Amino acid sequence: MQVFDLESNSLRELNATLHEQKSNTNKGKWEVQNPRGRHAIAVGLDTAMDVRVMGSTGYYLGGMNQKAHITVDGSVGPGVAENMMSGTITVEGDASQYAGATGHGGLLVIKGNASSRCGISMKGIDIVVFGDVGHMSAFMAQSGNLVVCGDAGEALGDSLYEARLFVRGSVKSLGADCMEKEMRKEHLDILSKLLKTSGSKAKAEEFRRYGSARKLYNFNIDNAY
Amino acid sequence: MCGIVGLFLKDQSLMPSLGEMLTNMLITMTERGPDSAGIAIYDSASNADLKLTVQSDNPEVEFGLIKDSLSAIIESSVSVEIKDTHAVIKLSGEKMILARQALAKLCPGVRVMSVGEKVEIFKEVGLPREVADRFLISKMSGSHGIGHTRMATESAVTTMGAHPFSTGQDQCLVHNGSLSNHNSLRRKLKRQGVLIETENDTEVGAAYLSYKMQQGSTLEEALESCLKDLDGFFTFVVGTKDGFGVVRDPIACKPAIMAETDQYVAFGSEYRALVDLPKIENAKVWEPEPATVYFWSH
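Here the protein sequences come in this chain order: E and R.
Residue 87 in our numbering sits at position 59 of the first sequence, with consecutive numbering throughout.
Residue 161 in our numbering sits at position 160 of the second sequence, with consecutive numbering throughout.
This is chain R alone, in the form it adopts within the complex (with noise of 0.2 Å):
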């Protein structure tokens, strides 16, 4: 099992209870996912071009030293916002390589969530309520987000085990179903150069999809060819910088369903998780069908 959720607006004048809405969605999916949870968010940054989410198990030490010293050794003003394990670095895009470089060395626990003019992605092992308290995720506002309960299944508990997963710029995944082929592709992605961390089937999943990317398919087609190229169940939903897509595989036991109003388009794994939205009971609803590549966005 797992849960999905995921929420993207229509109406700006709900973009500051994003969060809010967000949260409450994660938590009623507890059941189908007590191990760990995330969401990735994504809003607007102010006053610079680019924003890092990193993530450390030694937050008080390495996220001082990097407030200490990044913006001195990359020559540029950088801001660290810290939320629990994870900070949120904003700086200037041109520096984004100079500053991924640096930390490497200044940190080297440090792992990087997620890149992007707008996503934030954070993730943790606990009860879905407990992450999203931890980061303060109902505070935040945003113009859309997905998020993940997971139980795992195919590799360890952990925060690296835990979706979403980056993608790219401003992109990310997350799953519910397991893939059946993952070690075979893992291995064949290394070959290419992929840089694949941890045991986890979604990860690569995620990699797959950068790989294609990177080889020139838009994110359309890379989910496309998710079809041919994955074996397994998956219900995927990606972020990407105006919205999000689903794909589900062509056995499509994996749930899903979807609300739309004039107000926003929802995502649930289930229709519980979609009961406390505005208007509900007016929205459009249906399952997304098998082998079927959906987007919306701004």
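So here's chain E without its partners, still in its complex pose (with noise of 0.2 Å):
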């Protein structure tokens, strides 16, 4: 295993150091030392690879990620796994606001607590919440899966697209356009696939299914000016 130390070395060299690396790199095992609250930790990583992170982070960990599986020992600041594409990051601790943004692809674990906006405008990157997400999460997403084996926050799923969002405890207040939906065999098949992948305890038949409405984002003629 290949260790940086960020109290030595700079950020910016650790993200070359990991850039470089090819998929047939021997090196494909690092451990992160002393990230100390760093921002855009181990971001625009493209080879299948595994990073840990050996405490808490700033912004942008692992954001723009493409293949390589990244765990933090701690929690992460805003904007974790910020436009993934694929491959995994897990969160042993909580992460700040907007989770997963935009994310097109890829498997985000926290396996703490969300805060506010956490999937929002997902494109396609599943993300399980072990704990809560805070209020307006997966604002706008338009696919993907969300699953938050806690509570959810204000006005979740506002303005949805396509995106599926389980949820197992109690949701504060929907947003405009979302509603609950039927849990059908298939949406059970994803759940509990991702449930399992993510290490989740849960079941599938605890959650509940919201999806959108598909009243506002069909044009309407009658909503013009």
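The hints are simulated quantities; they were obtained by calculation from the structure and are not laboratory data.
Predicted model, so just to flag it, every value in this text is computed and none were measured.
Using N, Cα and C, we set each Cβ at its ideal position, and we do this for glycine too.
Check before you lean on any hint, since a few could be wrong.
[Unchecked claim] For lysine-lysine, the following DSS-like pairs were computed, each having C-alpha atoms within a straight-line distance of at most 27 Å:
(1) 11(R) x 242(R)
(2) 139(E) x 229(E)
(3) 200(E) x 231(E)
(4) 285(R) x 229(E)
(5) 151(E) x 224(E)
(6) 242(R) x 255(R)
(7) 151(E) x 200(E)
(8) 242(R) x 96(R)
(9) 280(R) x 11(R)
(10) 231(E) x 243(E)
(11) 209(E) x 224(E)
(12) 243(E) x 229(E)
(13) 280(R) x 213(R)
(14) 200(E) x 229(R)
(15) 285(R) x 255(R)
(16) 231(E) x 209(E)
(17) 285(R) x 139(E)
(18) 200(E) x 96(R)
(19) 242(R) x 213(R)
(20) 280(R) x 151(E)
(21) 255(R) x 200(E)
(22) 11(R) x 139(E)
(23) 139(E) x 255(R)
(24) 95(E) x 139(E)
[As the list claims (entries may be wrong)] Negatives, chain E to chain R, calculated, CB over 10 Å:
(25) 37
(26) 59
(27) 139
(28) 229
Hints are included, so try docking the two chains, each in its own frame, into the full complex.
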């Protein structure tokens, strides 16, 4: 395993070193020490490798990730996994606002709570939160799955397109054009698989499904000025 | 952007190093606000009832005048401690009104930064490290303090536009965000006779809190009414004689993180600001909820 200490080398060197690894690298396992809340750790990776960050980070951990598997032994600041394309990011602690924003693919697992706007404008990413999510989560979410094992805050799924939202606990309120929907077998299958992959012990049957009422994003002449 | 830090000590043995810890936290937030910086620090005044912290653009002359004549004018002993462009005047509580009237006549250019039993406010234009060094903040002791690094959006980069803003005796306010209804609110408050000196949005926020409290609200009630009457983005941290309070607007897009241990409660715009605090790895760390007023006090 390769060890990179952010107290002795710069963040830019860390990211450049990780970017240099090719798919046939024999340096496929990395441990990043002393993150101390720094921003933009392990961003823009595009090779399958394991990166473990030993502590809490600041903004944009693992942004734009492709293929890499990143684990954080701590909590993360705003914008974790922003615009992730593929791979996995696992956060052992909590995540601040807009976790997984605009993500196109891959899996983001948050083992603690996520703050406001979790999964805002998600475009295909799967997000599993073991705890609660804050207000305006999945705002304008277009595609992918948001799984919340705890409770959801105000205005869940406001202006939602076609993302699926699964919540096990309570929902403080639904946003405009978001509604509860029937949980069919196909949804239980998707959810069971996501719970299993992410290591959650929750049962798919305990969740409710929410989705778009599809009234807001279809053109309606009566809404025109 | 802007950066906020706050530290409230539960463990008295940390009091001598409050200034040093706050300075380090403030410097970490330089990237969030390199324009100006300020700090409010709370420590008991020795041998006096009240402390009056003032600022001057011409400190040599004006602070000289204060040293030479203030005591004689108000017929009471005062002590004047000069720190760069600021001076902390310690005096008897019953002479405060007289002293402020005398100051206004003696040196009209002097601005009052804070009044209180414990609070001292220092703020200037410049990088946080330089500002903290000018006022020797790292040498100060105290029970709690808040600091601010400013990236100006709503008004000019000046000393008076820097934070913290005083909102009353032993009270002050720092702000991350921008208020969008500050012009109309300023006009309303001015009609009620409230003195507002700058075009700054946070000064209006501070004046609003002072006005609400003059009308009989407690600080907590005044903060609650901010959620109704202020439009825009804000994470506010308010300093009080005994502690500090936090409130965020309902959208809560301006960051805030808190940490608590047996020894302290700390606030930071980012976790980075908290990483050097003692035993931070064992602290309870969380984000304050939107539209919720929090207080910690002794």
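Quiz item: Taking each numbered hint in turn, which are not upheld by the structure, reported in ascending numerical order?
Solution: 10, 12, 13, 18, 20 and 22
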